[in-house]
Each structure stands twice: as structure tokens, then as C-alpha cells.
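Based on the hints, put chain Y in the right spot on chain V.
There are 2 protein chains.
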Amino acid sequence: MNKKQLIEDDIKYIWRPFTQMKSLENDLNKPIIIKRGKGIYLEDIDGNKYIDAVSSWWVNTLGHSNKRLNKALERQSKKIEHVIFAGFTHEPVIEFSKKLVKLMNNKLTKVFYSDNGSTAVEVALKMAYQYQVLKGHPEKKKFIALKNSYHGDTIGAVSVGGIDMYHKLYKPLLFEIRQALSPYCYRCPMKCDKNTCKCECLNSVEDILKEEASQIAGIIIEPLVQAAGGMIMYPPKYITKLREICDKYNILLIDDEVAMGFYRTGKLFAYEHADIVPDIVCAAKGITAGYMPLSVTVTSQEIFNAFYDDDIDGYKTFYHGHSYTAYPLALSVALENLKILEEMKIEEYLKPKIAKFSKELEKFKNHKNVGDIRQTGMICAIELVKDKETKEPFAYEDGIGKKIYLEGLKMGAILRPMWNCIYFLTPYIITEKEIEKLTDIAYKALNKVLPMGD
Amino acid sequence: MNKKQLIEDDIKYIWRPFTQMKSLENDLNKPIIIKRGKGIYLEDIDGNKYIDAVSSWWVNTLGHSNKRLNKALERQSKKIEHVIFAGFTHEPVIEFSKKLVKLMNNKLTKVFYSDNGSTAVEVALKMAYQYQVLKGHPEKKKFIALKNSYHGDTIGAVSVGGIDMYHKLYKPLLFEIRQALSPYCYRCPMKCDKNTCKCECLNSVEDILKEEASQIAGIIIEPLVQAAGGMIMYPPKYITKLREICDKYNILLIDDEVAMGFYRTGKLFAYEHADIVPDIVCAAKGITAGYMPLSVTVTSQEIFNAFYDDDIDGYKTFYHGHSYTAYPLALSVALENLKILEEMKIEEYLKPKIAKFSKELEKFKNHKNVGDIRQTGMICAIELVKDKETKEPFAYEDGIGKKIYLEGLKMGAILRPMWNCIYFLTPYIITEKEIEKLTDIAYKALNKVLPMGD
Chain V
128 MNKKQLIEDD
138 IKYIWRPFTQ
148 MKSLENDLNK
158 PIIIKRGKGI
168 YLEDIDGNKY
178 IDAVSSWWVN
188 TLGHSNKRLN
198 KALERQSKKI
208 EHVIFAGFTH
218 EPVIEFSKKL
228 VKLMNNKLTK
238 VFYSDNGSTA
248 VEVALKMAYQ
258 YQVLKGHPEK
268 KKFIALKNSY
278 HGDTIGAVSV
288 GGIDMYHKLY
298 KPLLFEIRQA
308 LSPYCYRCPM
318 KCDKNTCKCE
328 CLNSVEDILK
338 EEASQIAGII
348 IEPLVQAAGG
358 MIMYPPKYIT
368 KLREICDKYN
378 ILLIDDEVAM
388 GFYRTGKLFA
398 YEHADIVPDI
408 VCAAKGITAG
418 YMPLSVTVTS
428 QEIFNAFYDD
438 DIDGYKTFYH
448 GHSYTAYPLA
458 LSVALENLKI
468 LEEMKIEEYL
478 KPKIAKFSKE
488 LEKFKNHKNV
498 GDIRQTGMIC
508 AIELVKDKET
518 KEPFAYEDGI
528 GKKIYLEGLK
538 MGAILRPMWN
548 CIYFLTPYII
558 TEKEIEKLTD
568 IAYKALNKVL
578 PMGD
Chain Y
128 MNKKQLIEDD
138 IKYIWRPFTQ
148 MKSLENDLNK
158 PIIIKRGKGI
168 YLEDIDGNKY
178 IDAVSSWWVN
188 TLGHSNKRLN
198 KALERQSKKI
208 EHVIFAGFTH
218 EPVIEFSKKL
228 VKLMNNKLTK
238 VFYSDNGSTA
248 VEVALKMAYQ
258 YQVLKGHPEK
268 KKFIALKNSY
278 HGDTIGAVSV
288 GGIDMYHKLY
298 KPLLFEIRQA
308 LSPYCYRCPM
318 KCDKNTCKCE
328 CLNSVEDILK
338 EEASQIAGII
348 IEPLVQAAGG
358 MIMYPPKYIT
368 KLREICDKYN
378 ILLIDDEVAM
388 GFYRTGKLFA
398 YEHADIVPDI
408 VCAAKGITAG
418 YMPLSVTVTS
428 QEIFNAFYDD
438 DIDGYKTFYH
448 GHSYTAYPLA
458 LSVALENLKI
468 LEEMKIEEYL
478 KPKIAKFSKE
488 LEKFKNHKNV
498 GDIRQTGMIC
508 AIELVKDKET
518 KEPFAYEDGI
528 GKKIYLEGLK
538 MGAILRPMWN
548 CIYFLTPYII
558 TEKEIEKLTD
568 IAYKALNKVL
578 PMGD
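Protein chains in written order, with our numbering: chain V, 128 to 581; chain Y, 128 to 581.
These are calculated hints, taken from the structure and not from any lab test.
One or more of the hints may lead you astray.
What the hints assert, rightly or not - Partial list, computed: chain V residues near chain Y (C-beta under 7 Å):
no. : residue
1   : E135
2   : D137
3   : I138
4   : I160
5   : L200
6   : F212
7   : A213
8   : G283
9   : P363
10  : M419
11  : D438
12  : H449
13  : Y451
For clarity, every value in this text was computed on a predicted model and none was experimentally measured.
The C-beta atom is built at its ideal place from N, Cα and C for all residues, glycine as well.
Same shape as in the complex, but just chain V (with noise of 0.2 Å):
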């Protein structure tokens, strides 16, 4: 089929996530046909190429298309695709569980699987609620989320986000949650400043937890970034604070690793730059390198015990199971990941890559409209607004994000600007001369749309 007739077939047929489907009247909206990837780039069906600066919706860590994964694929698709993980198991699943778990230096303890970070969210909240009418305390069927957070699109998870556009219409079919204050340290909710910030925002948890701390189950977190909030961005002391407050309150913490997990802020998760243990952590995307879903719940031994029983009524098993739970082409492809990664010496290796980041990044500083840079790890985000010294935002209508994404593509990258914010996010094997091709698309692109000289 030609280019023409597959666009339209596509538009005629498909409803794709997260679009206004009437914008794709607009050619310049069109999805463009990816053909092949290799490494870092796309390449489309005119032979045009991408640097796939969002990984591919944050996923890819190893590269497109990558040798080691698609044999690693191959061998097991030609011992069994997919067993029923009731009754039954299979050597990859058990390799990898005990690989992470070790990485994770034995602090928690069981693995759960399931398909993607909205039911890894899933599993960790119907866990958490479970474990606490366990332990004889059903009122405690409350949440703490923040701000700006953003866990995932079913239902259970969208209870738990924070983002009004994405998450307001549904209010009728969400349960019922306590919102702290995001810790969004360039526009900081208590005017704090950075250098001499106490965290003074976590005084919104500790006040929720002082009147309702009996009702509450656990608090959910994205660990050093909310991510589709805008690349919002805190330090680790947070968690550390944080952590002192669950165990005074005694509440659970969950820590949803969907996007920072598996390297992606320098370590295996985030929550170790914090020096703490979550009671439950929930992991995705980067989990298979970018291959396929997958996603695990891990928790500590305690939580799991508190379901270990003779019961005789079946009410403290944890019904939850999907039906390619740990599907062995799925562990085949995160337990090869794993051991590339072990191979690569992953934390040295992104080292020198984050430090030429953070280099790179300079050149945006004097921009006039660059209200703030931030890093962490291998993720950098370029908050634009309109003014400097106000920090007055960019409307939605001015639609800056999108003309960016226009001129990167022109370029020869996918930027995808969210909200305001021009982010890099790629996968970790991009060279040092790539990341300043990419951040120098990135800046031609801003001057273009916001010149300097206006």
C-alpha cells in the first residue's frame, strides 16, 4: 500500500490515545509511518530519520531494534511463548525475580506481575487497601496523591492523579483520595527557595495525616519527577522526609517507578538517591527495555505475610491476575535486559552521558523565554514561559510545545514538548556527540519559534 492510502486507512480506523482525532484534518497533524529503528532513531516510510528523543513514550533504554533483545526473543518464542502463571512457571521469570530482588538488595522481597504501569499502580493500591483490612483496620480506605501527579489512565490509577485535564471528567468514578500540594520547586506552592527549602510543602501531607491519618491506607508518589505533570522535578530529601512521616503515621508508601525505574535517574530506582525503602514499589516501561508491557509490584516481605494464611474463607488471597501475567516472551527479553545492563556496568555508564547533558543544557540558559532547567539523571526538562521574572506561563492556546515539536521533526528529532516544557528523555546508549546534535535540533527549534530577536 501507498503512503496515501495507509494514512488515510489509519485516520479511518484507529482511535489513538491521548489525540483529538479532528485534529488529524490537519496535515501537519498526520501520523507519520515508522518503517524501521535502529539505535536511537526512527526512520519513517520516506526514509526520513528521528532521533527518538522520548524513547518512545519513555520506554526505550537499549536502543531500537536491539540484537542482543531480538535473539533473546527469538530463542524463547521457540521454547513456549506464553503459560498459564497459576500452578505453573518457567525459568525466566524465576531468574529475573531473583535478580531484581538481589539488586534490590533483599529490602523487599515478592514480586508480583502484571502488564503495564497503570495496573502495576492497580495491583499496589488493591494491595495496600488489602493489607490494611488485614491487619484488622478496613476504615483505612483513603489515599494521599499529589498535585500534578499522574499513575496511569484505568480507573484505580486516574483516582490517584492530579492532572485536571486528564483526570477531572471521571470524578464520579474514582474513589475517594486526600491531594497534597506537588512539590514543584520552580514555582514552589509555599514560595520556598530552593537553597534553603525544608521541604516545607510536605507540611500539606503531615496536616491530612494529623486529622485523618486512621482513615488513610498509604501515599502514592513518582519518585524525584512528576513526569507527565511536566517534568516537575524535587530533590531526594523529599522521600526522606517523607518516609519519617509514613512511619510516624503509619500509613504505607507507595512509589511508582513506572517512568524512573530501571536506571533511568542514574540507579536501579529512584528511591535509593533517598536512601530509604518504599513498602511497595511499582515498575514498568524500561522493564524490557522498551520491547514490550510488563510490569512488576514489588513489595516488602511484612505486606506479604499479612496475606500468608490457611484461609479458609479465601479472603486473604490476593485475587488480581491478568492472563499473560509474567509471560516468558516478556521475562525472556527483561531478564536479557538485565544482564546487558549488569554487562554495561549501567550506573558508570551513564555517568559521563548525564554530565554532557547537564553541559549541553547551558546553552539554553540565556534564553529569554528558559524560566528553568532541570535534571535528573537522564531526563532533562526546558520549562519555557512567556516572562522571565513573572514565570507567567505560555497559554494552552498558544500551542508553543506543539511548533516546537514541528520544527524538531523538520530536524530530525522527536522532542514532544509537554505542557511548556521542552524535555529530553533518550535512550541511554546515545553517544556523547548525539546528545549535542539533539539539544542543538532543541535550540535551533526554540529560536525558531520564539526567536531571541522579538
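Quick look at chain Y alone, frame taken from chain V:
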């Protein structure tokens, strides 16, 4: 690693789905390590082979480690494994969507992708509610669901679930629904006779609507078979009449074909037997022939149109998406699956197998504990009872299903009865001879656990 160590590690690090973990202390419940699969057989680490009579959680259709599907997977991995599905697309998803809509006779026209059955249902529920809001009816925020229904394990899907053991505990987190009767013909809640039944149980749906139609967004059903509820089966006329009721009261009919879709009932979708068209269809499981998680929520043009707008404020967009939405690896397998099914002339192909199952079920008829024998296409179920006259069920503690499962394993078949129901839900490629073998094993297992002499 040796078998003993593998099993130890499995139990040490993994929290299994739908499993009371303490039960694994019993040697009989230790997970069986599956090494490979071929056709309808699974082979464990000791070389024992088992007929996969449950299609590894109702997903496998073309056999394990299918050569053509493996080839499709390999081909695709060498091109590209995954690309972000907002703004970008790829040929396998376009071709698959077009084929699917054509197979549905263009009655439903828009395919929305997500990752598994639960998410397909979540998408349907969110879409249905948002549709009502966009049509000016935000008060239509409740759903009707059926007793004994199962639609998945995420909070939205659990909300419309109707099996107490799985769903009741989470009540405080669930949204409000109205529950109608289960069309459980063998234990008809209206005490009707199968032969003269006019679907009187549907009165319970209409009763709700007479009172509350103005607050109801839609009804969700599992068509023809309430699978996880115990392979409860009911006739197509129920769905035909339900469609009329939905039209009369202006609510949406959401058809959860996750387990039934892709020819499990002998037709692409079960609703075809009722000669109606739902407003929304959810499908997953067999969509990839049992290879990997993928799901679709297919909607009418009417629903799609309600979201189609210039959308200045963003509230007409369907904000839902998963990182791996429509990932090429899965779509390439799903597409190859459709091609194979087409070449097989699947509907014709299944007819003699369905007839063979039907014939082989006869042998169970005279067993004193066989209460009901039922079949819908490639699903057969035998409900066991303590007393044929009174239909008194076995108690949970009797563990009849578990005992039959263990006998089945010894004889080389994975039966996994549900509640008190032995069922066969095999890959489509099972031969007539294998159907004989499988049903013989089940019959022997049944007689071992519940001897006729007793």
C-alpha cells in the same frame, strides 16, 4: 539450576496471581516448571507432557510456539519492536485495524488499542461515561452489570464485577453500579424452564432502567458465557432482547468479548449469534493467538463522533493511553493470526471439532454428580453437584475441583476446574482424536475423585 532450587527460588521471590501463597507449602501445590510448548502440549522440566486444556488462561488458539507466528515476531523485531503511538503509526496496526473492521462488517468502525482485557474494559467504561457527558448527560454515571460477571482486576473492571470472592473486599474503592440477575440457566434465578424461557431474568435489567435509566450510562455483559463465574452459559436471544432494552432506554451496550472473541464461540465475536451490534466491543486474549498482551475496544461511529471536535479546552479528547499502545511486535503477531485464521477458513474449520466435543460430552451424562453439561462453540463445561435432584453444590472446602485437577495432571492434562465446573477450552488446533483423549482423561479423573460406586 536444578529443579529443586528453581522451585525454591520461585516461591521465595514471586507472589503468584490468584494464589494463597501459604498453599505452596504443600508439595502438591508447588508450581510446575514449564520448559517448552508445542501445539496443544506443554512440557515440564522433567519431560512430562500435558494437554493445555485451558489454553493457558483461555488465550491460546493456534498452539504453542507456532512457527508462523514465531516467524512474524522475528521479522517484526528486526524492523522495529515498538514506537510511540501518538503522532506515529506503523503498517501492522493499520492493516490489522482495517481487517478487523471489515470482519465486523463495518458495523463498528473505530479501534482503540490498549494492553489487556482489564484495560479494554476500563477504556470502554471511561468512553461510555464521557460519551454521556459529551451528549449532555453527566448524570448518567452508573453502569448495570450482572451477578457472577468478571471483567478484569483493575478498579474500574472490578467495579462491574459480580463475584463476591474476587470483588467484595474492594467495595470501598469501587464506583456505584446496579446489579442485575445472572442468566444462569441451570440455576435459573427466575425458576424458568430452559425450553419455554423468554429470558425472564432480563426483567431485572428493565426494572432497574424503569427506575433509573436517566442515571445509567450503559450495561456491560460477557456474551453467551459468564466465564470466570463458572462457565455459566445462556442463549443468544438474551443478547437480542437486551439490545432492544438498551435502545428503548437509551443506554449503551458494552460487550466484553475478552474471553469469547476471536472465534472462541465459533464466530469472530459472540454477539454475532444474536444478530445484533453492540455499541462497544472489548477484545483481548485470542487476538494474538495467545502470544502476548494486546487488546482493542471497538466503538460505533456514533460514539466516536461525540468526541470529534475542535476541542478548545481539551475536554472532548479521550485522554487514555499506555506506553506500549499498539506496539508493533504484538500487532505483527495479531495480523499474522488473522491471516492464518482466514486461510484456515476458521468458522468451517471449527465446526467438526465443536461437534466432536459435543459427542464426547455424552459420556459424562450418566455420572451421578454431573448436574449440567453445557457447550458454546469451543467451550464445554460440566457442572458437578452433590445431588442431581436438588442441584446441591459441593462446598468450597470439598475441594472437588482441586482434586480433579491433580488427577488430570497425573494423566497428562491441565484441567483446572473452576468452582465445581470441569471445563474444556482448548487451542483450536486440537484434533478429534485429542478431543477423545482429553475428555477420557477428564472422565477418568472425575471417576477417581467421585467414583460411581459411592
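Verification of the hints:
1. E135: violated, 9 Å
2. D137: holds, 5 Å
3. I138: violated, 9 Å
4. I160: Holds - the Cβ of I160 of chain V comes within 7 Å of chain Y, reaching about 5 Å at its closest.
5. L200: Holds, because the Cβ-Cβ distance from L200 of chain V to chain Y comes to roughly 6 Å (cut-off 7 Å).
6. F212: holds, 6 Å
7. A213: holds, 5 Å
8. G283: holds, 3 Å
9. P363: violated, 25 Å
10. M419: Constraint on M419 of chain V satisfied, holds at 6 Å.
11. D438: holds, 5 Å
12. H449: Holds, because the Cβ-Cβ distance from H449 of chain V to chain Y comes to roughly 5 Å (cut-off 7 Å).
13. Y451: holds, 4 Å
Hints 1, 3, 9 from the earlier list are contradicted by this structure; the remaining hints agree with it.
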